[in-house]
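Student: So the protein sequences, as listed, match chains A and B. Going by the working numbering, the first residue of the first sequence is number 35, and it counts up by one from there. Going by the working numbering, the first residue of the second sequence is number 35, and it counts up by one from there.
There's no promise every hint is true.
Note: identical chains are not told apart, hence a pair may lie in one copy or across any two.
EDC-like mimics (lysine to aspartate or glutamate), calculated; alpha carbons at most 16 Å apart, straight line [said to hold, decoys possible]:
1) Lys68 / Glu128
2) Lys132 / Glu103
3) Lys132 / Glu53
4) Lys68 / Glu80
5) Lys74 / Glu38
6) Lys74 / Glu95
7) Lys132 / Glu80
8) Lys74 / Glu103
9) Lys68 / Glu95
10) Lys68 / Asp100
11) Lys132 / Glu71
12) Lys74 / Asp100
13) Lys132 / Glu109
14) Lys68 / Asp41
15) Lys132 / Asp100
16) Lys74 / Glu109
17) Lys132 / Glu95
Since the hints were made in silico from the structure, they are not lab data. What you are looking at is a predicted structure, and each value in this text was computed from that prediction instead of being measured.
Okay, here's what each chain looks like letter by letter:
Number of protein chains: 2
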Amino acid sequence: MILELADFSIHPNQNAAFEAAIQRGLASVISHAKGFEGFKVNRCIENPQRYVLQIFWTTLENHTVDFRESPAFTEWRAIVGPFFASPPVVQHFELVAKSAS
Amino acid sequence: MILELADFSIHPNQNAAFEAAIQRGLASVISHAKGFEGFKVNRCIENPQRYVLQIFWTTLENHTVDFRESPAFTEWRAIVGPFFASPPVVQHFELVAKSAS
């Protein structure tokens, strides 16, 4: 399993609308993607314009090829893109270790 | 529960030593801290010098006050600090939403 970390900076004072939009996009688009295994949406305490979206994919290519080269990517960006104050920073991670709990 | 995201950039070609050190620091120091609820260590695929450490804390102050103002913080930084190529970027997050799975 691969972790996608997407770092978003949104325009100020749009938290409620962005949080509704990202949840709509996750439910209507991302959750139907091949290899999708789960998500978490996290809002930064120190900087409320910052969000980190975690998406779990079965393989790296499920995100970088299957999803990004599909029409679903355009649908997703149409939903969340208008909120972005700058281009998202997206990278992928392998789990090295975790606690038992 | 609060999520700490700590973004590390380490010196090149030290992955194995860093991964051993961070796991030793988590087991011997962090896991005994008040309010510690769990961790994940993630290695970036696109940039193998980048790691993102997730630590779950009961409250924000368990990290920012109880841990950082304790001798344990110095012990932890002595273990992982020598690997850092630049100062860590650390912020805290509240969970907005997650998938059922």
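Student: Of the hints given before, which are not true for this structure?
Tutor: 1, 2, 4, 6, 7, 8, 12, 13, 14, 15, 16 and 17
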